[in-house]
Amino acid sequence: MESKENPRLLLAQDLVVALENNDETKADEILDQISGMRESMLFQEVGRLTRQLHDTMNSFALDSKMVELTSKDIPDAKERLHYVIAMTEQAANQTMAVIESLTPISQELSDQANELSNKWDRFLAKDMPFEEFKNMSQEITMHFAQTKEGVESVQTGLTDILMAQSFQDITGQIIRRVIDLVQEMEHSMVELVRISGGKMKTEAVVIAEPELPGPVVPGVDDKANDVATSQDDVDDLLSSLGF
Amino acid sequence: MKILVVDDFSTMRRIVRNLLRDLGFTNTFEADDGKTALPMLQGGSYDFLVTDWNMPGMTGIDLLKAVRADPKLVNLPVLMVTAEAKREQIILAAQTGVNGYVIKPFTAATLREKIEKIFERIDNA
Numbered sequence: 001m002e003s004k005e006n007p008r009l010l011l012a013q014d015l016v017v018a019l020e021n022n023d024e025t026k027a028d029e030i031l032d033q034i035s036g037m038r039e040s041m042l043f044q045e046v047g048r049l050t051r052q053l054h055d056t057m058n059s060f061a062l063d064s065k066m067v068e069l070t071s072k073d074i075p076d077a078k079e080r081l082h083y084v085i086a087m088t089e090q091a092a093n094q095t096m097a098v099i100e101s102l103t104p105i106s107q108e109l110s111d112q113a114n115e116l117s118n119k120w121d122r123f124l125a126k127d128m129p130f131e132e133f134k135n136m137s138q139e140i141t142m143h144f145a146q147t148k149e150g151v152e153s154v155q156t157g158l159t160d161i162l163m164a165q166s167f168q169d170i171t172g173q174i175i176r177r178v179i180d181l182v183q184e185m186e187h188s189m190v191e192l193v194r195i196s197g198g199k200m201k202t203e204a205v206v207i208a209e210p211e212l213p214g215p216v217v218p219g220v221d222d223k224a225n226d227v228a229t230s231q232d233d234v235d236d237l238l239s240s241l242g243f
Numbered sequence: 001m002k003i004l005v006v007d008d009f010s011t012m013r014r015i016v017r018n019l020l021r022d023l024g025f026t027n028t029f030e031a032d033d034g035k036t037a038l039p040m041l042q043g044g045s046y047d048f049l050v051t052d053w054n055m056p057g058m059t060g061i062d063l064l065k066a067v068r069a070d071p072k073l074v075n076l077p078v079l080m081v082t083a084e085a086k087r088e089q090i091i092l093a094a095q096t097g098v099n100g101y102v103i104k105p106f107t108a109a110t111l112r113e114k115i116e117k118i119f120e121r122i123d124n125a
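From first to last, the protein sequence lines stand for chains X and Z. Residue 1 is where the first sequence starts when you use our numbering, and the numbers rise one by one after that. Residue 1 is where the second sequence starts when you use our numbering, and the numbers rise one by one after that.
Keep in mind that the hints were calculated from the coordinates and are not lab data. Just so you know, these numbers come straight off a predicted model, no measurement behind them. Worth double-checking, as some hints may not be accurate.
No farther apart than 25 Å at their CA atoms in a straight line, the calculated lysine to aspartate or glutamate pairs in the DMTMM-like style are these [stated by the list, open to error]:
id: 1; chain 1: Z; residue 1: Lys35; chain 2: X; residue 2: Asp180
id: 2; chain 1: Z; residue 1: Lys117; chain 2: X; residue 2: Asp180
id: 3; chain 1: Z; residue 1: Lys86; chain 2: X; residue 2: Asp236
id: 4; chain 1: Z; residue 1: Lys86; chain 2: X; residue 2: Asp222
id: 5; chain 1: Z; residue 1: Lys86; chain 2: X; residue 2: Asp226
id: 6; chain 1: Z; residue 1: Lys86; chain 2: X; residue 2: Asp235
id: 7; chain 1: Z; residue 1: Lys86; chain 2: X; residue 2: Glu191
id: 8; chain 1: Z; residue 1: Lys117; chain 2: X; residue 2: Asp160
id: 9; chain 1: Z; residue 1: Lys117; chain 2: X; residue 2: Asp236
id: 10; chain 1: X; residue 1: Lys78; chain 2: X; residue 2: Asp222
id: 11; chain 1: Z; residue 1: Lys65; chain 2: X; residue 2: Asp226
Produce the complete structure using the sequences and hints provided.
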């Protein structure tokens, strides 16, 4: 495909002629010209690559969605997920603490009931001396008192266990928000792949706060000081409104 | 006393119904969003509504608006139990006519206190 118009071929042919004629000056001049052409092609290529790099960097910087995602939403999501860990851990510990405190009570009452039941059977079989019967009466009185106290503890504990389960709702809401973010990221990554594939798009998309922000994650959602961080806050606000 | 508990998370509905049972309210029913709750309220003589805010379909605030717009339900006591804690949201709920507002996570004592307060006010009115 070497055409007559190829400037390098023409120069090369001239170079051969010059060398055959022992025209050193002419030959040097042609060599300079050839290497000059080579350099300018290299410069052009470097220039093209630089511009491409620059444009790509710009498209990164201009895409506010990416900036928003990396600078705010991902750290945000990390904080939210840490909070989920903390809440689930708290719920697990709360539940186990109740179980650990109630198990001995339940064991003790069960032992007492078994022992008294055996004695009671012997009493019914008229197989119990009067002295022992007096002791058993006292034991039964004590057992009733302990049962009453123990069952109260069990009921309190059961309510505590019940309340500990509220983590499921709270963490569920938080995880849903993170899932939304992951979807948003997936979308942005696809965009990025598309951009790096050659087509440029620098339309800025701002991720809006969700309409219902949901559970307040400490350190993430309470920075603007526009949320109630406790039930007392809510009560104060409502009473200021005449509630 | 017939009570409707509305929340999209079944665990939370269970917790609230259990707490209500501890308080002596056993006639409780549940719905998972406003859309399901509204016809229940319109169809059956409920005395009290406990609702979450953020639910798919129809949110708690929209349910509250619908309740206050319905002549038959306009005086129904409504307690909101929600994770929504922005001041503007609490104010909006108050302006829409909520009778009590509890933020999640809450304690059994808080729920008891707010419910008692609501009925106290109704009895005194």
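Hints and how they fare:
| no. | hint | result |
| --- | --- | --- |
| 1 | Z:Lys35 x X:Asp180 | holds, 24 Å |
| 2 | Z:Lys117 x X:Asp180 | violated, 38 Å |
| 3 | Z:Lys86 x X:Asp236 | holds, 14 Å |
| 4 | Z:Lys86 x X:Asp222 | holds, 9 Å |
| 5 | Z:Lys86 x X:Asp226 | holds, 6 Å |
| 6 | Z:Lys86 x X:Asp235 | holds, 13 Å |
| 7 | Z:Lys86 x X:Glu191 | violated, 34 Å |
| 8 | Z:Lys117 x X:Asp160 | holds, 22 Å |
| 9 | Z:Lys117 x X:Asp236 | holds, 15 Å |
| 10 | X:Lys78 x X:Asp222 | holds, 16 Å |
| 11 | Z:Lys65 x X:Asp226 | holds, 24 Å |
In terms of the numbered hints stated before, the structure departs from hints 2 and 7, listed from lowest to highest.
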